[in-house]
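Q: Chains A and B, in that order, are what the protein sequence lines are.
The first sequence maps to residues 1 to 112 in our numbering.
The second sequence maps to residues 1001 to 1114 in our numbering.
These are calculated hints, taken from the structure and not from any lab test.
Hints may contain errors.
Restricting the straight-line Cα-Cα distance to at most 20 Å, the calculated cross-link-like pairs of lysine to any residue (SDA-like) are [what the hints assert, rightly or not]:
1) B:1044 - A:5
2) B:1062 - B:1022
3) B:1044 - A:104
4) A:99 - B:1015
5) A:99 - B:1060
6) B:1083 - B:1102
7) B:1011 - B:1022
8) B:1044 - A:51
9) B:1044 - A:27
10) B:1015 - B:1084
11) A:99 - B:1050
12) B:1044 - A:94
13) B:1044 - B:1102
14) B:1071 - B:1052
15) A:99 - B:1104
16) A:99 - A:26
17) A:51 - B:1102
18) A:99 - B:1038
19) B:1071 - B:1044
20) B:1011 - A:41
21) B:1044 - A:41
22) A:51 - B:1099
Given next are the chains, with one letter for each unit.
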Amino acid sequence: GQQLNQSPQSMFIQEGEDVSMNCTSSSIFNTWLWYKQDPGEGPVLLIALYKAGELTSNGRLTAQFGTTRKDSFLNISASIPSDVGIYFCAGQPRFGNEKLTFGTGTRLTIIP
Amino acid sequence: EAGVAQSPRYKIIEKRQSVAFWCNPISGHATLYWYQQILGQGPKLLIQFQNNGVVDDSQLPKDRFSAERLKGVDSTLKIQPAKLEDSAVYLCASSLSRASYEQYFGPGTRLTVT
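Using the sequences plus the hints, can you model the full thing?
A: Here it is, written out as structure tokens:
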């Protein structure tokens, strides 16, 4: 099946720093989604992207649909303690069924 | 707007026992999903319903897992008999329709099989 590779697997940053993470696939995707999951909770949808090159913001979060349609990027500006959690990308492949494929996640930790 | 509700939040059972999880999607959402999330991994789709019909159950271990959505609203997922490797978080999600890929998740049920 489809696989999504997320990078980095984990990040340790200081409060106030900017964060960048990405998600890549070996095949073309029609839709990219970014979710955040807190411990003991379900994933929460942050941003949805539907067109190659699309750049969408949600507060301090900005995500981009890569022009090759095989990758997506998420940036967080001026990180705050509540940004801690696991960030998952998810994509709907161009070919195949409607099923979303999830990445393995990027764990964000803020160092005091 | 109320989110996706799931119960129970936690369940501990012994192997070979049975267990059931319940999900109530967001009102008006026609599509319902059950995912399994093993520690350290992303969610993996088990089954997708459109109203009360199954759209995709290709990754559901049908020898032990079953799910239903009889009235096209809430849904139950059952495991019988459970195995140690079934220990995971079971997430329910819903979306407005099959055409919408924006899925909204419930808090999940953490299952521990001993």
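Q: Given the proposed pairing of residue 1083 (chain B) with residue 1102 (chain B), does the C-alpha separation stay at or below 20 Å?
A: Violated: residue 1083 (chain B) and residue 1102 (chain B) sit about 32 Å apart, past 20 Å.
Q: Would you check the hint for residue 51 (chain A) and residue 1099 (chain B), treating anything up to 20 Å between C-alpha atoms as holding?
A: The hint holds at about 15 Å.
Q: Quick one, are residue 1011 (chain B) and residue 1022 (chain B) close enough, alpha carbons at most 20 Å?
A: holds (12 Å)
Q: Hint check: residue 99 (chain A) vs residue 1050 (chain B), CA-CA at most 20 Å. Holds or violated?
A: holds (13 Å)
Q: CA of residue 99 (chain A) to CA of residue 26 (chain A), is that 20 Å or under?
A: holds (16 Å)
Q: Given the proposed pairing of residue 1044 (chain B) with residue 104 (chain A), does the C-alpha separation stay at or below 20 Å?
A: holds (10 Å)
Q: Is residue 99 (chain A) close enough to residue 1015 (chain B), meaning Cα to Cα at most 20 Å?
A: violated (30 Å)
Q: For the pair we were handed, residue 51 (chain A) and residue 1102 (chain B), check the Cα-Cα distance against 20 Å.
A: Roughly 15 Å between the alpha carbons, so the hint for residue 51 (chain A) and residue 1102 (chain B) holds.
Q: Is residue 1071 (chain B) within 20 Å of residue 1052 (chain B), Cα to Cα?
A: Holds - the C-alpha atoms of residue 1052 (chain B) and residue 1071 (chain B) are around 6 Å apart, at most 20 Å.
Q: Between residue 1015 (chain B) and residue 1084 (chain B), is the straight-line Cα distance small enough, at 20 Å or below?
A: holds (6 Å)
Q: Holds or violated: are the alpha carbons of residue 1044 (chain B) and residue 51 (chain A) at most 20 Å from each other?
A: violated (25 Å)
Q: For a C-alpha distance cap of 20 Å, please report whether residue 99 (chain A) and residue 1038 (chain B) respect it.
A: holds (18 Å)
Violated hints for the displayed structure, listed by number in ascending order: 4, 6, 8, 19.
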